[in-house]
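2 protein chains.
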Amino acid sequence: MTALTLHEDPCSGNCYKIRLTAALLGVPLALKRYDITRGETRTPEFLSQVNANGRIPVLQIGEGEQARFLPESNAACWYLAHGSALIPEDRFQQADMLRWMFFEQYSHEPNIATLRFWLSILGEAQLSEEQRRLVPGKRAGGEAALALMDAHLAARAFFGGDAPSLADIALFAYTHVAGEGGFALADHRHVAAWLARVRALPGFVPMD
Amino acid sequence: MTALTLHEDPCSGNCYKIRLTAALLGVPLALKRYDITRGETRTPEFLSQVNANGRIPVLQIGEGEQARFLPESNAACWYLAHGSALIPEDRFQQADMLRWMFFEQYSHEPNIATLRFWLSILGEAQLSEEQRRLVPGKRAGGEAALALMDAHLAARAFFGGDAPSLADIALFAYTHVAGEGGFALADHRHVAAWLARVRALPGFVPMD
Chain P
3 MTALTLHEDP CSGNCYKIRL TAALLGVPLA LKRYDITRGE TRTPEFLSQV NANGRIPVLQ
63 IGEGEQARFL PESNAACWYL AHGSALIPED RFQQADMLRW MFFEQYSHEP NIATLRFWLS
123 ILGEAQLSEE QRRLVPGKRA GGEAALALMD AHLAARAFFG GDAPSLADIA LFAYTHVAGE
183 GGFALADHRH VAAWLARVRA LPGFVPMD
Chain G
3 MTALTLHEDP CSGNCYKIRL TAALLGVPLA LKRYDITRGE TRTPEFLSQV NANGRIPVLQ
63 IGEGEQARFL PESNAACWYL AHGSALIPED RFQQADMLRW MFFEQYSHEP NIATLRFWLS
123 ILGEAQLSEE QRRLVPGKRA GGEAALALMD AHLAARAFFG GDAPSLADIA LFAYTHVAGE
183 GGFALADHRH VAAWLARVRA LPGFVPMD
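So the protein sequences, as listed, match chains P and G. Following the working numbering, the numbering of the first sequence begins with 3 at its first residue and continues without gaps. Following the working numbering, the numbering of the second sequence begins with 3 at its first residue and continues without gaps.
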């Protein structure tokens with residue numbers, strides 16, 4: 003099998019999505035770790051060899067001159083889960099799974115993950131004036147995302163219905179640590195019950 | 003064939019992606035139009051029947067009680083292009099196409115589409131203090147996205163290589179009107195050449 007290497011920072015939920023997908027599928031993944039708070043993904047080597055966008059995660063497929071690099075967490079999960087039960091075959095269900103994964107990147111991550119990074123990883127004292135001004139908007143956006151998820155999960159075990167898919171993995175990553183961004187998960191009881199169902203999946207691994 | 007209806011605002015690039023995908027595939031699409039600047043997607047009817055997220059586009063599949071609703075522009079394009087040449091079959095190429103579609107929603111649309119909306123649709127005089135403060139960051143983010151695209155397209159006709167895919171449609175939508183957000187497309191000559199290649203595709207339709 004082709005060697006797979008994840009270029010990651012262990013505190014990043016976007017990286018964790020890929021580790022969780024691999025764990026649920028039983029796929030081995032080598033890890034190469036970087037500290038984003040020290041600029042380790044902005045070095046000339048990283049930009050020229052791994053990702054010109056200067057971001058992690060990047061999934062490396064193969065080694066040496068044959069290596070190919072796949073940025074964007076949800077695209078890396080898609081690659082790993084190809085042909086597995088984590089991607090439904092039905093045309094509507096597959097598109098609807100991607101719908102939740104695009105929602106995650108557009109409406110959830112920029113609010114919930116960013117507040118977690120600012121408040122728990124950088125630390126509130128380190129925030130710039132501009133970052134402080136953005137907090138209320140991100141708080142409102144994150145609450146709206148959680149409310150939408152809660153309403154959807156009121157009638158379903160997982161985002162796609164009865165079975166887990168990549169949509170659950172993508173949304174679990176930053177939702178289960180939303181408390182670190184100041185969000186009260188207890189206010190969203192269907193979300194809280196769904197988090198427990200994801201944690202109970204065979205092969206589940208915690209974030210770190 | 004199941005009836006397809008696009009709930010859209012004609013000035014939205016996210017809606018145009020879906021119309022362009024349908025046109026390139028020769029798939030008929032009924033249109034139901036809303037004016038987002040007048041709150042027409044925040045009415046109780048829209049929220050309860052079409053999209054609880056209050057956003058367009060939404061692709062409606064079927065009619066009456068059988069209707070299903072698919073929000074998120076790139077997920078709707080995926081549904082339409084199912085089984086077509088606009089989605090490569092190769093495992094890596096398919097994931098890499100999604101990589102550019104997630105990039106579009108995370109790093110491109112929030113910067114380039116938002117500045118176009120603020121500067122050309124709302125109008126600069128209508129912006130709040132907070133919006134004005136966000137302009138420089140969005141300008142820098144949009145320029146970085148265009149520079150990354152330009153470097154990638156220096157060696158390729160389309161994002162995936164020789165053939166067009168949904169990645170090109172997703173990125174074309176707001177890139178070709180980036181000038182309305184104050185971006186100078188002439189500074190990115192590989193992007194400009196790619197825009198011409200997309201416009202030359204058989205079945206291409208302009209935005210409006």
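What the hints contain is simulated information worked out from the structure, not anything from laboratory work. Do not rely on the hints blindly, as some may be mistaken.
Which copy is meant is left open, so a pair is good if it fits within one copy or across any two.
Unchecked claim - Pairs of lysine to any residue, SDA-like flavour, derived with a Cα cap of 25 Å: (1) K34 x A157; (2) K34 x R134; (3) K140 x A5; (4) K140 x P204; (5) K140 x G56; (6) K34 x A87; (7) K34 x D11; (8) K140 x A54; (9) K34 x E131; (10) K140 x N53.
For clarity, every value in this text was computed on a predicted model and none was experimentally measured.
We went through each hint and held it up to the structure:
Taking identical chains as interchangeable, the C-alpha atoms of K34 and A157 are never at most 25 Å apart, the minima being 40 Å within one chain and 28 Å between chains. Taking identical chains as interchangeable, the C-alpha atoms of K34 and R134 are never at most 25 Å apart, the minima being 33 Å within one chain and 40 Å between chains. Taking the closest pair of Cα atoms, K140 and A5 never come within 25 Å of each other, the shortest separation being 38 Å inside a single copy and 38 Å across copies. In the homo-oligomer, the alpha carbons of K140 and P204 never lie at most 25 Å apart, since the shortest distance is 34 Å inside one protomer and 42 Å across protomers.
Taking identical chains as interchangeable, the C-alpha atoms of K140 and G56 lie at most 25 Å apart whether they share a chain (24 Å) or sit on different chains (17 Å). In this assembly of identical chains, the alpha carbons of K34 and A87 never lie at most 25 Å apart, being 27 Å within a copy and 35 Å across copies at closest. Within a single copy, K34 and D11 get their C-alpha atoms as close as 8 Å, which meets the 25 Å cut-off; across copies the closest is 44 Å, which misses it. Taking identical chains as interchangeable, the C-alpha atoms of K140 and A54 lie at most 25 Å apart only when they sit on different chains, with a minimum of 19 Å there against 27 Å within one chain.
When the C-alpha separation of K34 and E131 is checked against a cutoff of 25 Å, the pair qualifies neither within a copy, at 34 Å, nor between copies, at 43 Å. With identical chains, the CA atoms of K140 and N53 are at most 25 Å apart between copies only, with a shortest distance of 21 Å across copies and 27 Å within one.
The structure does not agree with the numbered hints 1, 2, 3, 4, 6 and 9 stated previously, though it agrees with the rest.
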